[in-house]
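Participant: Here is how the chains run, residue by residue.
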Amino acid sequence: DQQVKQNSPSLSVQEGRISILNCDYTNSMFDYFLWYKKYPAEGPTFLISISSIKDKNEDGRFTVFLNKSAKHLSLHIVPSQPGDSAVYFCAASITQGGSEKLVFGKGTKLTVNP
Amino acid sequence: DAGITQSPRHKVTETGTPVTLRCHQTENHRYMYWYRQDPGHGLRLIHYSYGVKDTDKGEVSDGYSVSRSKTEDFLLTLESATSSQTSVYFCAIQTSGSNEQFFGPGTRLTVL
Numbered sequence: 001d002q003q004v005k006q007n008s009p010s011l012s013v014q015e016g017r018i019s020i021l022n023c024d025y026t027n028s029m030f031d032y033f034l035w036y037k038k039y040p041a042e043g044p045t046f047l048i049s050i051s052s053i054k055d056k057n058e059d060g061r062f063t064v065f066l067n068k069s070a071k072h073l074s075l076h077i078v079p080s081q082p083g084d085s086a087v088y089f090c091a092a093s094i095t096q097g098g099s100e101k102l103v104f105g106k107g108t109k110l111t112v113n114p
Numbered sequence: 115d116a117g118i119t120q121s122p123r124h125k126v127t128e129t130g131t132p133v134t135l136r137c138h139q140t141e142n143h144r145y146m147y148w149y150r151q152d153p154g155h156g157l158r159l160i161h162y163s164y165g166v167k168d169t170d171k172g173e174v175s176d177g178y179s180v181s182r183s184k185t186e187d188f189l190l191t192l193e194s195a196t197s198s199q200t201s202v203y204f205c206a207i208q209t210s211g212s213n214e215q216f217f218g219p220g221t222r223l224t225v226l
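Just so you know, the protein sequences line up as chains A and B, in that order. Each residue of the first sequence is one higher than the one before, counting from 1 in my numbering. Each residue of the second sequence is one higher than the one before, counting from 115 in my numbering.
Think of the hints as simulated: they come from the structure by calculation, not from any bench. Treat the hints with caution; some may be incorrect.
Computed cross-link-like contacts, DMTMM-like style, restricted to lysine to aspartate or glutamate with a CA-CA straight-line distance of at most 25 Å [what the hints assert, rightly or not]:
| id | chain 1 | residue 1 | chain 2 | residue 2 |
| --- | --- | --- | --- | --- |
| 1 | A | K56 | A | D84 |
| 2 | B | K171 | A | E100 |
| 3 | A | K5 | B | E173 |
My request is simple: use the sequences and hints to build the entire structure.
Facilitator: This is the structure:
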């Protein structure tokens, strides 16, 4: 049972355009959502997050939108740059037994073409 | 930089041999995690720790054990490695009062 889904394995956009990465979740107990970026042969790096009580969080070129009723979140990158080419993971946080755990999606590989 | 190192960074071993991976952090974070990353599966939680000698299982814990005898080190052991445990293993820490986890550089393990 996959609780966090990234249905697009890959996405290709032109430099300067907007990249939109999508994520759906099924568990209404998730209370925090995060996006990570991963380059080959490196560990994932934290990008941006959003609390379940908000619907938008912005940090420079990166904006995350949360639609709780639809159990959907998206990451917008504007403008996209070639250095943004990486695998992006959506993650959801849940507290169980007093400990917080993250559940990850399978990732979307973003390619930004010059 | 959350001060996380993993060792070894690469390892090739044979089926049936024991393997221990080490995660070391320098900032006394209470929470530490072990994940594996496989194509088509994203990151999956193996085990986690919420303090010295306090550990619990994640979603893919079968075949793995962990130990945390001091705050800075979290060890992942494959008692008898199998080819299905060929993967990239990531350690992560979580800072107190936040939901973000920060990852180490990973260990690529190949079981022949």
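Participant: Each hint needs a verdict: does it hold in this structure or not?
Facilitator: Verification of the hints:
With a C-alpha separation of about 21 Å, the suggested pair A/K56 and A/D84 falls inside the 25 Å cut-off, and the hint holds. About 13 Å separates the Cα atoms of B/K171 and A/E100, which keeps this hinted pair within 25 Å; it holds. For the given pair, A/K5 sits about 16 Å from B/E173 by alpha-carbon distance, which is consistent with the 25 Å threshold.
Violation of the numbered hints given earlier is absent; every hint is satisfied by the structure.
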